[in-house]
Amino acid sequence: MGIKFSQKSIEKSTDNFLLEGPELVDAEQEKKEENNLCFTFSSNNREYYLKNKNGQTIFSVKCYDDLPDELTDEERSRFIKEKEIINGKGRDVYILESDKTLKHNKEKKNKTEQNKEYHVSKPRDFQKNVFERFVSNISNRQVMSDILSKYSNLEDNKITELTQKIFNAYKIEDLDTIKTIFDQFSKNTFKKIKNDIYEQNKTSPEEINIPKVVELLKNKKVLFYTGAGMSISGGVPGMEDLHNNLEIDMSKKIDGFLKNSINNPKKVIKDWQEFIDSCFDTQDTDAHKSLAYL
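The sequence shown maps to residues 6 to 299 in the numbering used here.
A few of these clues could be false.
Calculated pairs, BS3-like style, for lysine-lysine (alpha carbon to alpha carbon, straight line, at most 27 Å) [as the list claims (entries may be wrong)]: (1) K86 / K272; (2) K67 / K94; (3) K56 / K258; (4) K58 / K275; (5) K257 / K275; (6) K264 / K88; (7) K176 / K163; (8) K94 / K58; (9) K192 / K155.
Label pairs and their in silico Cβ distance ranges [said to hold, decoys possible]: (10) L228 / K258: 32 to 42 Å; (11) F285 / D151: 29 to 39 Å; (12) L159 / S48: 45 to 55 Å; (13) K275 / V148: 46 to 56 Å; (14) F136 / N269: 26 to 36 Å.
Since the hints were derived computationally from the structure, they do not count as laboratory data. Built from N, CA and C at the ideal position, the CB exists for glycine as well.
Start from the sequences and build out the full structure, keeping to the hints where you can.
Now the structure itself:
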């Protein structure tokens with residue numbers, strides 16, 4: 006295939022740093038890390054790493070032992086081959102890095118697509134996920150009716166009819182009908198309806214008796230592992246949303262993320278950047294504030 010590989014050995018550390026306990030982070034180090042965000046998604050034979058550091062968005066892909074047979078020779082040629090020592094055993098690892106992929110695609114584009122016109126898609130509205138969760142729950146029909154009654158002068162039978170149509174349309178993924186229904190309202194009224202649905206459906210943090218928790222944690226080293234759930238009520242997409250937006254499905258030999266990483270890295274960067282923006286642009290939730298106070 007004419008693929009050139011480089012070989013090097015990397016010994017992965019097996020130390021469990023969690024057992025050592027966390028140390029205080031000095032102010033300078035905290036400032037360096039506060040705008041950094043990274044995620045790793047992995048299975049037995051693949052690993053995806055995404056990072057945002059100081060405004061630079063990057064990603065990398067690792068395939069262990071071998072590349073999927075379904076990849077073309079050209080797609081396989083984008084990877085470099087290295088050797089890693091994992092649990093005392095050597096494994097081949099094929100690595101794809103975003104900066105090299107972007108450079109390759111730019112050179113290819115300059116040769117074949119100089120006069121191509123591009124369509125810039127609209128940014129995703131992550132509040133849409135809240136609405137979809139709301140209408141997917143049939144028990145929210147009465148809540149929807151109450152919200153529509155609150156912000157309109159329609160008769161009760163008309164409210165009932167519109168509510169029925171909204172939930173039925175969502176069931177068959179008829180988004181055009183839902184849009185047509187909400188287009189009947191003024192822009193200001195629709196905004197109030199949307200905000201009310203969001204407020205009714207957002208996740209509410211559970212209240213904790215802080216003095217009791219403080220007493221339990223006194224004189225102990227503590228690592229708070231919160232997960233992404235505490236940010237959902239602030240409008241940040243959940244982990245399932247992130248998987249879907251990035252097209253990550255480790256159960257498949259080749260998922261959308263792997264294909265896009267090779268052939269359309271700008272899409273991966275764009276989708277990842279949208280998530281980054283949603284994290285940094287939202288307000289602190291009550292859970293964030295409580296944890297900081299604790």
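Here's how the hints hold up against the structure:
With a C-alpha separation of about 25 Å, the suggested pair K86 and K272 falls inside the 27 Å cut-off, and the hint holds. Pair hint K67 plus K94 holds up; C-alpha atoms about 17 Å apart against a cutoff of 27 Å. A threshold of 27 Å between alpha carbons decides the hint, and for K56 with K258 the separation of about 23 Å falls inside it, so the pair holds. Among the hinted pairs, K58 with K275 is consistent with the structure: their alpha-carbon atoms are about 15 Å apart, no more than 27 Å.
Simply put, K257 and K275 have alpha-carbon atoms about 23 Å apart, close enough for the 27 Å limit, and the pair holds. The straight-line distance between the Cα atoms of K264 and K88 is roughly 23 Å, inside the 27 Å bound, and the hint therefore holds. A threshold of 27 Å between alpha carbons decides the hint, and for K176 with K163 the separation of about 20 Å falls inside it, so the pair holds. For the suggested pair K94 and K58, the alpha carbons sit about 32 Å apart, so the restraint of at most 27 Å is broken.
Between K192 and K155 the CA atoms are separated by roughly 15 Å; this keeps the pair inside 27 Å, and the hint holds. A beta carbon spacing of about 36 Å between L228 and K258 agrees with the range 32 to 42 Å that was offered as a hint. With their beta carbons about 34 Å apart, F285 and D151 fall inside the hinted range of 29 to 39 Å. Look at L159 against S48: about 51 Å separates their beta carbons, and that is inside 45 to 55 Å.
A beta carbon spacing of about 35 Å between K275 and V148 contradicts the range 46 to 56 Å that was offered as a hint. Between F136 and N269 the CB atoms are about 28 Å apart, so this pair conforms to the stated range of 26 to 36 Å.
The structure does not agree with the numbered hints 8 and 13 stated previously, though it agrees with the rest.
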